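Asks: These protein sequence lines are chains A and B, in that order.
Just so we're aligned: 210 in my numbering is position 210 of the first sequence, and the numbers increase by one with no gaps anywhere.
Just so we're aligned: 157 in my numbering is position 157 of the second sequence, and the numbers increase by one with no gaps anywhere.
Keep in mind that the hints were calculated from the coordinates and are not lab data.
Keep in mind it's a predicted model, so treat the numbers as computed, not measured.
Even glycine gets a Cβ: it sits at the ideal position worked out from N, Cα and C.
One or more of the hints may lead you astray.
Just a sample of chain A residues kept apart from chain B, beta carbon distances all over 12 Å, derived [claimed, not checked]:
(1) Ile-32
(2) Leu-35
(3) Arg-37
(4) Gly-88
(5) His-161
(6) Leu-162
(7) Pro-167
(8) Gln-193
(9) Asn-198
(10) Val-199
(11) Leu-200
(12) Ile-204
Here are the simulated lysine-lysine pairs, DSS-like style, with alpha carbons at most 25 Å apart [stated by the list, open to error]:
(13) Lys-148/A / Lys-30/B
(14) Lys-83/B / Lys-78/A
(15) Lys-78/A / Lys-304/B
(16) Lys-30/B / Lys-152/A
(17) Lys-47/B / Lys-9/B
(18) Lys-83/B / Lys-218/B
(19) Lys-266/B / Lys-152/A
(20) Lys-152/A / Lys-218/B
(21) Lys-164/A / Lys-2/B
(22) Lys-78/A / Lys-266/B
(23) Lys-9/B / Lys-152/A
(24) Lys-152/A / Lys-78/A
(25) Lys-83/B / Lys-148/A
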Amino acid sequence: MLDSSISYETPEGIQIQLPIAGPMVRSLAWFIDFLIRCVIYIMTAIALSYLGEVGQGIMLIGLFFSEWLYPTIFEVLKGGTPGKMLMGLYVTMDDGTALTWQAGLTRNLLRAVDFLPFLYITGLICTLCNRQFKRIGDLVAGSLVVYKEADKQLNSIESTHLPKALPFPFSASEQRTLLDFQDRQQDISGGRQIELANVLTPVINCENQAAVDLLNQYAAWVRGAGK
Amino acid sequence: MKQMTFESKNQKFWQEFSMLLDQLEGIEIKDDNFTSNWPKFPAHYRKMCQFLSAAQSRQYSPILIDFLHQLVLRGHRHLYRQKPAMWPAFARFISQGFPQALRREWRVWLISSCLFYIPAFFMGLMCYFDSEFLYSLVTYEQVQQVEYMYDPSNITLARPEGRESDSDFMMFGFYIFNNVGIDFKTYASGLLFGMGSIFFMIFNGLFIGGIAGHLTNKGYIETFWPFVAGHSALELTAATIAGAAGLKLGYSLINPKGFTRALALKQAGIDSFPLICGAGLMTFLAAFVEGFWSATPDIPHLIKYSIGIAAWLAVFSYLLLAGRKS
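Take the sequences, apply the hints, and build the full model.
Replies: Structure follows, in structure tokens:
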């Protein structure tokens, strides 16, 4: 599989998969948080300007909290900052359990180093240097930023194709490839679909559009629990 | 067992488990069912793990496996979450955890204290004997500003910083934003092989010592020393502790002691965490003292000095004695 999941073995002896989020989606999430904070700063600055020096004091305390503690509080209580939640991400410990206060604080206090020399250059280089896309703060805290998957349902997808039984048992990863092929059809051109389906011509004995259709029927069968 | 039989036989259990998770995560309201099902959560979770591994080994469809995997993942997050009782943990941290952790790391604390106090002492002496020496470190405008703040002839109604009482709160906010922020930056920059922490410790030592020496040389003793006496114990000690935490991080990269650097860094993060939390809390307290006590006028200097000395004694006896076994 061409994705960046890592697997962790739980005490029950099963593997859980954690799909790791890369630097691009994380910087977008950071940027959304940055915008949210800017809007809040401007609004509170206007409101507090009526309070004179007391207002300035409140503003400075607020700045302190939003700079150092805003991400921690959201990540520990809600799983992610508003920006991360919008991008479908959440922060978790290395072993897939919920983020602890200690780890949340550590990873966010160390933001100051990841930010150096400007705009998270150090953090970016660090994420590209390890398999789990961890910035320095994540390495020290033992935390991961992962995708929150959409709610999975059984038999929820209505297939437009007639299910057709597989001619012989497919392995789990082969079945998954079939499903991925169907799921991604909206994103790939007809020519490319045919090209991909033709790879299987020696096995399924048909080619071009017929092969695409046949694969879709097999995929529908895999989806539809028709066994 | 055919997949269809497997599904129809167990689907009800999966739905109940999913419902229980929703309630645990706060998506659904906790009803009477919850109170009766909740104690069975660990057993149900382990049963879900069995379903998942059965589905995987029997090569059931990926759709079913993904569905079960998601339920197991959500259950895993809940069963193995570390959720200590917040307030008892916090109280234990203050009464024992922080001073114990600091004494465990006394070597880095000693080093960071030396990095801070030795430059401060020498810069203070130099500036005391040479009124021009401070300009080698601090710009002319900054010196002017500091001199203005503590100039006795400027002070209206003996307010040490020559400021209105309204601005006490503003300064309080500034102390929190600035001073606690410096602690955190000192800590984080320790990751640069300790260089950042070393720089912050030496620079702040030179700066604070220099200002103190310079103002004493100028004869602003009556305004400067009573002002700083009260919060100095908390603030300076906290600064050295933050430096120690940073040095701990940096040292783990230089000498990982047989671990991989990633692992050594992770352990150093755990070891240094109580130090930086304690330092942040101490600086937070210092901001209160600095904002609302140090700046209060009309208090005899003798009292301010006594409180200052008492604070030094209190801080050190807390850090050195609290949480000892006997």
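Asks: Now tell me if each hint is right for this structure.
Replies: Comparing the hints with the structure gives:
1. Ile-32: holds, 23 Å
2. Leu-35: With a cut-off of 12 Å, Leu-35/A remains clear of chain B, as the shortest Cβ separation is near 22 Å.
3. Arg-37: Correct as stated: the minimum Cβ-Cβ distance to chain B is 15 Å, above 12 Å.
4. Gly-88: holds, 14 Å
5. His-161: It holds; His-161/A is separated from chain B by about 15 Å at its closest Cβ, greater than 12 Å.
6. Leu-162: holds, 17 Å
7. Pro-167: Holds, because the least Cβ-Cβ distance between Pro-167/A and chain B comes to about 16 Å, which exceeds 12 Å.
8. Gln-193: Gln-193/A is indeed farther than 12 Å from all Cβ atoms of chain B, at 20 Å.
9. Asn-198: holds, 23 Å
10. Val-199: Holds, since 20 Å exceeds 12 Å.
11. Leu-200: holds, 18 Å
12. Ile-204: holds, 19 Å
13. Lys-148/A / Lys-30/B: holds, 23 Å
14. Lys-83/B / Lys-78/A: The given pair, whose Cα atoms are some 14 Å apart, holds under the 25 Å limit.
15. Lys-78/A / Lys-304/B: Judged against 25 Å, a Cα distance of about 45 Å means the pair is violated.
16. Lys-30/B / Lys-152/A: With Cα atoms ~22 Å apart, Lys-30/B and Lys-152/A stay inside 25 Å; holds.
17. Lys-47/B / Lys-9/B: holds, 14 Å
18. Lys-83/B / Lys-218/B: Violated: Lys-83/B and Lys-218/B sit about 55 Å apart, past 25 Å.
19. Lys-266/B / Lys-152/A: Violated, because 34 Å separates the two Cα atoms, which is more than 25 Å.
20. Lys-152/A / Lys-218/B: With Cα atoms ~74 Å apart, Lys-152/A and Lys-218/B exceed 25 Å; violated.
21. Lys-164/A / Lys-2/B: holds, 17 Å
22. Lys-78/A / Lys-266/B: Given pair Lys-78/A, Lys-266/B holds - Cα atoms ~24 Å apart, limit 25 Å.
23. Lys-9/B / Lys-152/A: holds, 19 Å
24. Lys-152/A / Lys-78/A: holds, 21 Å
25. Lys-83/B / Lys-148/A: holds, 21 Å
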